[in-house]
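Q: Make a model of the complete structure from these sequences and hints.
Protein sequences, first through last, are from chains E and F. Just so we're on the same page, my numbering is the position in the first sequence counted from 1, plus 529. Just so we're on the same page, my numbering is the position in the second sequence counted from 1, plus 529.
The set of hints was computed from the structure by calculation and includes no laboratory data. Please read these numbers as outputs of a predicted model, since none were measured by experiment. Where hints are given, some of them may not hold.
Same chains, same names: a pair is fine if it fits in one copy or spans any two.
[As the list claims (entries may be wrong)] Each computed EDC-like pair below joins lysine to aspartate or glutamate, with the alpha-carbon atoms no more than 20 Å apart:
| # | residue 1 | residue 2 |
| --- | --- | --- |
| 1 | K652 | D795 |
| 2 | K1103 | E1092 |
| 3 | K652 | E1045 |
| 4 | K656 | D1042 |
| 5 | K1052 | E650 |
| 6 | K1050 | E650 |
| 7 | K842 | E789 |
| 8 | K1029 | D588 |
| 9 | K697 | E809 |
| 10 | K1103 | E591 |
| 11 | K1052 | E889 |
| 12 | K1052 | E994 |
| 13 | K1029 | E616 |
| 14 | K1103 | D804 |
| 15 | K842 | D795 |
Each chain, written out:
2 protein chains.
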Amino acid sequence: MKQTNAFVPTLREVPADAEAISHQWLVKGGFIRQLSSGIYSLLPLGRIVIRHIETIVRDEIELAGAQEVLLPALQPAELWHQSGRYEIYGQELIRLHDRHGREFALGPTHEEVITSLIEQEIKSYRKLPLTLFQIQTKFRDERRPRSGLLRCREFLMKDAYSFSADWKDLDRIYDAMYAAYHRIFQRCGLNFRAVEADGGAIGGEGGTHEFMAIAESGEDIIVTCNTCDYAANLEKAASVNTSVESGHTPSHSQAVGQMERFYTQDLRTINELTDSLGIEASDLIKTVIFIADGKPVAVLVRGDHSINETKVKNALQAIHIELADTETVRSITGAATGFAGPVSLNIPLLVDFAVTAMGEGITGANETDYHIRHVVPGRDFTITLAGDYRNVLEGEHCPCCSMGTLKTVRGIELGHVFKLGTKYSEKLGATFVDSSGIEQHMIMGCYGIGITRLMATIIEQHHDEHGMIWPVAIAPYQVHLIPVSMQDQAQSEAAEQLYKQLQEAGIRVLLDDRDERMGVKLKDADLIGLPIRIVVGKAISEGLLELKERRSKEPAERIAVTEIAAHIQVLLGK
Amino acid sequence: MKQTNAFVPTLREVPADAEAISHQWLVKGGFIRQLSSGIYSLLPLGRIVIRHIETIVRDEIELAGAQEVLLPALQPAELWHQSGRYEIYGQELIRLHDRHGREFALGPTHEEVITSLIEQEIKSYRKLPLTLFQIQTKFRDERRPRSGLLRCREFLMKDAYSFSADWKDLDRIYDAMYAAYHRIFQRCGLNFRAVEADGGAIGGEGGTHEFMAIAESGEDIIVTCNTCDYAANLEKAASVNTSVESGHTPSHSQAVGQMERFYTQDLRTINELTDSLGIEASDLIKTVIFIADGKPVAVLVRGDHSINETKVKNALQAIHIELADTETVRSITGAATGFAGPVSLNIPLLVDFAVTAMGEGITGANETDYHIRHVVPGRDFTITLAGDYRNVLEGEHCPCCSMGTLKTVRGIELGHVFKLGTKYSEKLGATFVDSSGIEQHMIMGCYGIGITRLMATIIEQHHDEHGMIWPVAIAPYQVHLIPVSMQDQAQSEAAEQLYKQLQEAGIRVLLDDRDERMGVKLKDADLIGLPIRIVVGKAISEGLLELKERRSKEPAERIAVTEIAAHIQVLLGK
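A: Set out below in structure tokens:
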């Protein structure tokens, strides 16, 4: 492609709203443009990158045994009622009515549609197992679309769904997908980890892993062990039972004084309390009120711990969970926010294991400006449900090997694999007759990769202060061919000739034939980040070119015109 | 692909709602399934075919100089207000609100989005011309989705848009697209014609052609000349001015009797009148009341002619036009339907040239059960606007060469090319600074191809009573390899070996390794219609196979195993 013809609207300014690195570079490099919040157009360079990613994904997913389909975005709302997700999905599910008043959802995912398809088409174990996939546009009305392509309202996804007659087949397909995902992200040049994950609204009874790219800008926190292979999303990572670890002996055996209410004017936060009272955060019991599916519950964790809402939600088997607002807290506790406590609180109390292991603690008094000390779990309040409700902390012991300690790092979710089991086949009646003639529900799995997010994530990992650095397999073009001056006949002729020669050798070349200053051309070249840059300058009179790899910090190398093609082939690994 | 693994749910029964041939075969052959009215899932064979079509389209459109993008389906409603099409598109435009109450349209086409993109990115003639295209899902809430993939509410389209600094460049791009369309439809094996077309709601001031596949099931009527190259959509085809052709001398010079009202009880239709009165249909003047953008107009055509609503709409520059209902007709004419006439009718009268050329005629009397004879156009009623408001008839003279006569044939619209001019660039403010420093509106063109419709149209032209007959370039697989019995070791081994050998030679093979009766296998093979069928039967003991081309009526041919690959290569034109 010649750059005078190419639509590559590079910018010199970073767009004001772009915080994520990938968002900045993709907009500056002319790869994408925003149409509306969380809705982007892919411009030609972006489209080419996405096509390369699509090709890699399609290759590997087909190798894993899946067949490609294309399912509609317009999905009858009845299907979502049938699966029970019409309500669960909440405002993220975009709804609309057709001209006859019939309600549709714009597919944020396709479990409903594909299960209903398979329910109609497959009746016998003989036709199982079956895995279908598609690369298709998804719609999710995110509350806060952000970071460019990292969290969009309209985006490309590869979603695959497997149907099998037994769990053994599901395990086999799951493993094949798991392996395919590794190959895909490797081919995309990513530094990633598969981690244990929480099933969320989509989940079923089986396992689930997320594939996480390690990146500062990630929304997720990944917990890993420094000794064993353990890796999990913070949402999921189990904390080791603190009653053993903390060295506290169980509280009930100790002689502890009676509860004592005391004045703590304006001491609302853990920090205010520890600073003012000269105590440790771990001496405090934090009481937080949530509304779970409309009903209030209190969650108690130690003052130095943070609540893991996913764990709370799962323990309650709740669909929605949110922090209670100030008004609700006041009506339940009778006190301002910051002074809630478990004593005499007439709502269910979910108590974290680390709290049950405390001999005593300081809690809010359910009275503004008052706390209580010497509160003994089980003696002074009833534990409705003890459990693991907190986020693990860096440095804690690994829940897997118990030997190592945990570290955390931020990550971007690239994909996930789920063992759904019979969750959807039961709701949508997808049954088959097994080899003994008995009707059974199909065992399902689902497997997603965010295609547009993948493009952004590659940039998060591959860039420098001058712009993007595309891996060869993904780059929109492999070689950026830049004559210093198109006015110079020797240079322009040599460039044109090399352009043809490289293309004939199957190399994708962008020829910067623009009548721009060299500074502008080099700035754009660094910005759009093609793997190999060839400059045709004055040295062409001696038969020499300059070659530089975008990722390299070394200065450009002089290479003879006669050797350049072979040299490039080596660099491209051809 | 081995058929035991492939998801190809063939059916023995024609689906009850499928009228169009392509709809029947695509459903029976397991290529598509309906999710909702006008909304289909592409199953694996359908998806492969669409990918082949996409590849052909992408190839040729890129050769024509266009660059691929991907634009959002979710489009802010404001853009549609800006272009003025928010109202025009009517119920076909699917509208929805996001969680913040902001209104969006689901893109039925992308003139608004792309013009707004280019408006922001291109300011100078130096960056023009530019042509961008995408292959993307479109949404149109059709009043009557029908014929399977021929008229859908969600479908794949290739849409391209060109921006240029002058009309000369537009003409050049238009011609390149026109040529690319010819190559695309040729490569798809279609019998088609480019015809002059009407611009419709999308149109601009320039020309427009439709590419029509000749097919009985087509919704469109194509008019062609038996002498010259003239071909037009019936909507567009101009009628030769009948005042010259019909031999009538202009009416006003003739001595004609005065108007005479007469009793015509229950004679409402042209047929009832001609039968009862013993006259010719061409002696009658038909008066039909329309509501154009809310206002009534009457259109007058000769009794043997039919009204062309597109011509009427264009003459009025109306957005919406529809037949007046019975109540409206009564309130305007004072009579029941069937007795409307132009005399003393106080609404605009659009009079077809063939009527202006009549010396006199019989019209309704605007009184139930009465007509008037000796009505002279211009004498007895005022002509608001004379024009060509009728459909041409088969056998009429060609409006182009005047020598040949016209024929009609039905067609399916495969694609269209439009010279939009400045219609959208004016509405959306897409300007550039020309080489003299003057700000001008960009000159636009747009170019569409219905990708999913193309698949259906190929079937409309390529099928027989047993099923589909795929052209080689489009077929999901090129060879259907069928062992008579997989239980027979010699047959199954030979089949497996040939399967590998052909795949290694780059041939796409479907191996029917199912444990089914030969009758079932052959029926399915005819149904899904792969170009070449190879049967491995008993003759394999003598080293012989049976080869049959799907399109051929000849019996299968015996060919030696050693020669089969070369033979297939020849048939595939490799």
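Q: Please name the hints from earlier in the document that this structure breaks, with their numbers sorted from lowest to highest.
A: Going through the list in order, the structure violates hints 1, 7, 9, 10, 11, 13, 14, 15 and respects the others.
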